[in-house]
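Asker: One-letter residues, chain by chain:
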Amino acid sequence: MNPIELEGLTKSYGSFKAIDTLDLKVKANSFTGFLGPNGAGKSTTIKILTNLIRASSGSAYLDGVDITKDPKAALASVGSVVETPEFYPFLTPRETMDYLGSINGMSREAIHSKGDELLHMVKMEEWADKKIGKFSKGMRQRVALAQSLLSDPKILILDEPTSGLDPRGMVEMREIVKSLRDRDITVFMSSHMLNEVEEICDRVALIEYGKLLIHDDVSILTKGTDLRRLDVRTVKDLNKGVLDQVTALPLVESARLQSERSLSIDMRGDESDQAEMLEKLNRLGLKVYSLSAEGHSLESLYMDLVKESR
Amino acid sequence: MSNNLPSDFAQMLTVTRYEMYKFLRGKKIYVMLGLMALLIILTTAIPPLMGFDLPSDSKDFISGYVSWVSTLIIIAVTLFSAGALVSEFEERTGFLVFPRPVKRSTLFAGKYLASFLVCAALMVLYYLVSCILSLVFTGSVYFETIYSLGLAMLFIIGTSGFAFFLSAVMQKGSTAAILVFATLFLIMSMLEGIMMVVNSDPFFILSHAGISISNVIDQATTTVIPIGEGMTMTNYFPKTDVAAAVMVVWGVVCSALALVFFYRREL
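As you go down the protein sequences, you meet chains A and B in turn. Numbering-wise, our numbering puts 33 at position 33 of the first sequence, and it's gapless, one number per residue. Quick note: to get our numbering, add 1000 to the position in the second sequence (first position is 1).
If you're looking for bench data, these hints aren't it; they were derived computationally from the structure. Hints may contain errors.
The calculated lysine-lysine pairs, modelled on DSBU-like cross-linking and capped at a C-alpha distance of 30 Å, are [as the list claims (entries may be wrong)]: (1) A:K154 to B:K1103; (2) A:K137 to B:K1028; (3) A:K134 to B:K1027; (4) A:K211 to A:K69; (5) A:K137 to B:K1103; (6) B:K1103 to A:K17; (7) A:K72 to B:K1172; (8) A:K240 to A:K280; (9) A:K178 to A:K27; (10) B:K1028 to A:K130; (11) A:K131 to B:K1059; (12) A:K137 to B:K1172.
Looking at chain B on its own, in the form it has when it is part of the complex:
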């Protein structure tokens, strides 16, 4: 029996399956579903409540829903990825799993895949509901929405990599979660703003790349804005191809670093 160890790939799928159980049996999934439902309801109900008509054009209609996606992804990644690695040390479950005949890299891959799948499934559901609403209210679905979904998947890869990196180095899951959220939602946005004020393109900042998820629909272009006394700032919008590459690079580099730290970490 002991000589018939499964392949690393088969073990990774086992780890993924049980990580998914963790997500599906926990409260976090309900928090995300509730939040998504709330945003969809607000986006659909607020214009009529304020006396405005819902957009009749499918592009304008879907734009309102897609504008929440990067925020939703950051919250999902904070909930599902930030604690993935650190929990094995903090909650001491590593004493159970690490002595098993399974490589740390396999555990890492299984956990990463599970986090990606749960975040991706939630976003697919969000897009699906948004598209159904678009079909109901405008009679059509804006085709570019599929590109937005693709970019959302890449943003999940990038942000998950970042969250896994923090999860691999932090001592507590709560610290990792706070740092993931604060960095992606606040610190990166502040850096982005500062760079725009000094007319520098923040194309390499992950959260800036995430703007492409909605901009692939909105198609806004970079504009120079006067800010008084002959000075200007530049409102940069990411180019889709560059943003996609940036998200992948963040995902790959951060995941590689996370794997190194996870592999070297002792219990």
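Chain A on its own, in the form it takes in the complex:
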């Protein structure tokens, strides 16, 4: 059985269905990004998987145990960070690890060694004996990630893991999650940041209106779309005339001025078409000094699928 399996999972609030007979099978040891627009049902699904809310019907299996029937057993092999959890302010990170590890049945020695290792991993070892009440959101998020890995879970569920962090915190958090690839662990994470999902995850599940739209490898999904967005920075000032010339170029779908010396181009094609585009832009006299197309393939796929479903 897959580490996470949803079968006909439904959550209703009156006549509104936040999740509508959702079926999903998450492969073992995959890093799956769980995507969808606001209100699609991502958080609801994650909250059911972490025993924060109850499903109206259907099943959600975690490591083969249905959480709707036996949450305690189902959560035995799960670590999670849902939103930015608040900690008991009167406890230190080390004491928090003691508390949560004891609930999981870990020995005192195991909690201490594993807890120290994880606090070191999230760069919180210097704060291990300080009360959490005074910690910043970023620090709490780090401790949250550390506690989620305390019992060596087979499944890690993350809900917007970098939400609210500063850019440096985001990068560090992503690096930590990516470093888990060495472990025997399945990661299931929701995020609004498509570049983050593309960077961390090897699979993507996209839902809207509580239903699964697509679920596959990122590489397979992004192969099907040749639309890419280029962020172009120029030395020369840009104007409407130049923009019209750019829009008229072959393969260009659309172009927009971002500022006096930058524009955004949506184009079809592969890496070699992108290289040719650079030459064409310079032939127009733009003097391009920077051109990037990061993360757009997943974004375009996302936009296409969401548009189609509406």
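Once you have looked at the hints, place chain B on chain A.
Answerer: Showing chain B alone in chain A's frame:
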């Protein structure tokens, strides 16, 4: 590791231990200790200051101290029980604990036990100091005091159950605390008074049952009091066994309801 989950009982003790940390590291425990010290000092010092002798009889002596117990319990329960459940939702600590492999009923039991233990320990301390003072000033301790302590424990069970119920249904800890205190201290007392005026025995009211804590020592009996124009009111005093049963029923029923609401509540 993940397959060796502790029993529900072991997890409950873990929850209790950390709830106790919360109480012991917070300010509320000092508020209670200060209040208890103040009442003991006032009860001991006021008669001599007003020119009266302290009672020489151990029964009369301890009665003065025990008369504060139900009020102290209501304050303790307001401080330690009213926020126990609602805080997990209001302060969002539930995001940390609920996804752990632990049943909500286990969390509930651990929290209830911790609240009971801290309130019970405070009351035992209060009785202990009162008894030591009785020994010092009268040379003996009135034996029935132990029954009063037993009833105080039952009153903690009843009032904690009520506080946990409000904690399970309220959105804010402060609202739950205000309601617990207002209901136990004011609303129930008003109902009690109204029922006495219409000569009805308010035996089922929790705060009325709490009177038994001091009455087991004072031994006052129900009396009919004329209130003019041929009308009477009845000053009811609870029978000890009935009061004990009422306190247990309040505790059990309210706790069961609290557990249902806590179990069903979503974050």
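Asker: Would you mind marking each hint as holding or not holding in the structure?
Answerer: Hints and how they fare:
Of the supplied pair hints, the one linking K154 (chain A) and K1103 (chain B) holds, its CA atoms being roughly 20 Å apart against a limit of 30 Å. Restraint check for K137 (chain A) and K1028 (chain B): satisfied, since their Cα atoms lie roughly 27 Å apart, inside the 30 Å limit. Using a Cα cut-off of 30 Å, the hinted pair K134 (chain A) and K1027 (chain B) holds, with the two alpha carbons roughly 17 Å apart. The hinted pair formed by K211 (chain A) and K69 (chain A) meets the criterion: a straight-line CA distance of about 22 Å does not exceed 30 Å.
Taking the CA atoms of K137 (chain A) and K1103 (chain B), the gap is about 28 Å. The hint holds against a cut of 30 Å. Between K1103 (chain B) and K17 (chain A) the CA atoms are separated by roughly 27 Å; this keeps the pair inside 30 Å, and the hint holds. Our distance criterion of 30 Å between C-alpha atoms is met by K72 (chain A) and K1172 (chain B), whose separation comes to about 27 Å. Pair hint K240 (chain A) plus K280 (chain A) holds up; C-alpha atoms about 17 Å apart against a cutoff of 30 Å.
Straight-line distance between C-alpha atoms of K178 (chain A) and K27 (chain A) comes to about 17 Å, which keeps the hinted pair within the 30 Å bound. A distance of roughly 21 Å separates the Cα atoms of K1028 (chain B) and K130 (chain A); the hinted pair therefore holds under the 30 Å criterion. For the hint linking K131 (chain A) to K1059 (chain B), the alpha-carbon distance of about 48 Å lies beyond 30 Å, and the restraint is violated. Restraint check for K137 (chain A) and K1172 (chain B): the C-alpha separation of about 22 Å stays at or below 30 Å, so the hint holds.
Hint violations for this structure: number 11 only, all remaining hints satisfied.
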